[in-house]
Amino acid sequence: MFLKVEQQWNVIVSPEKLVAKGLMLQKAIVVRLLDDFASKKANKDFGYFINVTTVENIGDGKVRHSTGDVLFPVSFSGITFKMFRGEILRGVVHKVLKHGVFLKCGPVQNIYLSHLKMPDYKYVPGENAFFMNDKQSRIEKDVVVRFIVIGTKWMEAEREFQALVSLEGDYLGPIS
Amino acid sequence: MSGEEEENASELKIGEEFLKAKCLMNCEVALILEHKYEQLQQTSEDPMNQVSQVFEKSLQYVKRFSRYKNPDAVRQVREILSRYQLAEFELCVLGNLCPETVEEAIAMVPSIKTKGRAHDDDAIERMLNDLSLIKKFE
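Keeping their order, the protein sequence lines are chains Y and W.
Position one of the first sequence corresponds to residue 5 (this note's numbering), numbered consecutively onward.
Position one of the second sequence corresponds to residue 186 (this note's numbering), numbered consecutively onward.
Keep in mind that a hint or two might mislead.
What the hints assert, rightly or not - Here are the simulated DSS-like pairs of lysine-lysine, each with C-alpha atoms no more than 25 angstroms apart in a straight line:
#: 1; chain 1: Y; residue 1: K108; chain 2: Y; residue 2: K45
#: 2; chain 1: Y; residue 1: K102; chain 2: Y; residue 2: K157
#: 3; chain 1: Y; residue 1: K145; chain 2: W; residue 2: K242
#: 4; chain 1: Y; residue 1: K157; chain 2: W; residue 2: K207
Hints listed in this document are in silico derivations from the structure and should not be mistaken for laboratory results.
Predicted, not measured: the structure shown is a model, and the values here were computed from it.
Use the sequences and the hints to build the structure in full.
Below you can see the structure in the form of structure tokens.
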């Protein structure tokens with residue numbers, strides 16, 4: 005689910021950017037916020053960081069005595085993407101393996117659908133391997149699948165989420 | 186977050202902070218990200234280089250999975266769904282997945298049928314009809 009969340013971050017601006025003229029300082033703070041937002045990529049609580057929509061408030065700066073950098077508390081709204089257990093979403097198959105398929109959905113790449121969670125589908129090996137059920141419905145590369153999230157895991161080192169998903173439920177499966 | 190084992194979106198257990206947070210439908214996110222991308226195109230020759238991978242993948246995804254493209258239609262979808270006492274999360278799941286039948290809508294958002302809530306099948310049917318009208322006139 006895409007979320008609009010308000011956050012407060014501390015943005016650090018180096019002394020040479022501290023130009024009092026007009027909006028130069030404000031610009032330096034916002035540019036730094038956007039850089040930090042993009043490079044941080046995601047966190048456990050809010051999911052993936054997609055876009056800063058509005059900067060609500062920039063608080064008073066505090067000088068760090070060791071470096072002369074100035075730290076500004078900035079409140080802003082941004083869009084994030086987080087998957088919840090029990091949520092139903094659509095994703096696109098990007099890899100087919102013997103024991104299941106990998107899907108991507110929004111910014112998330114590591115979404116695993118195990119063959120155990122699609123019991124009526126059988127693996128059909130070949131150069132372009134796929135899964136198929138007895139109604140000839142196919143799950144192969146680039147197919148859109150509607151699934152339910154059964155678990156998510158935050159991996160701190162990679163700053164990524166993994167998710168396990170299932171087709172067990174009504175109205176789930178490949179969509180033509 | 187309060188007890189991760191407890192999380193279950195089908196029962197609308199997604200944590201206090203997210204129940205209150207504003208959720209966005211894919212089509213709303215598409216409008217916002219496309220606008221941002223157009224702004225970048227005007228100031229930069231290679232706008233794709235200016236955005237993060239997360240932004241790029243999300244933009245591709247919402248463009249592909251938005252049922253409504255026209256800004257007026259997007260606004261109407263939220264307005265219509267807002268009349269039906271839905272949680273933000275439920276509203277967006279319905280707006281994203283566009284179920285065609287009452288049975289499908291309940292399968293996508295089981296929490297709308299939990300005890301004590303005012304959604305009988307007729308109300309859900311009316312809601313789906315209202316939504317299908319937007320799609321037709323877009």
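Right, here's what the structure says about each hint:
no.	hint	verdict
1	Y:K108 with Y:K45	holds, 16 angstroms
2	Y:K102 with Y:K157	holds, 23 angstroms
3	Y:K145 with W:K242	holds, 17 angstroms
4	Y:K157 with W:K207	holds, 23 angstroms
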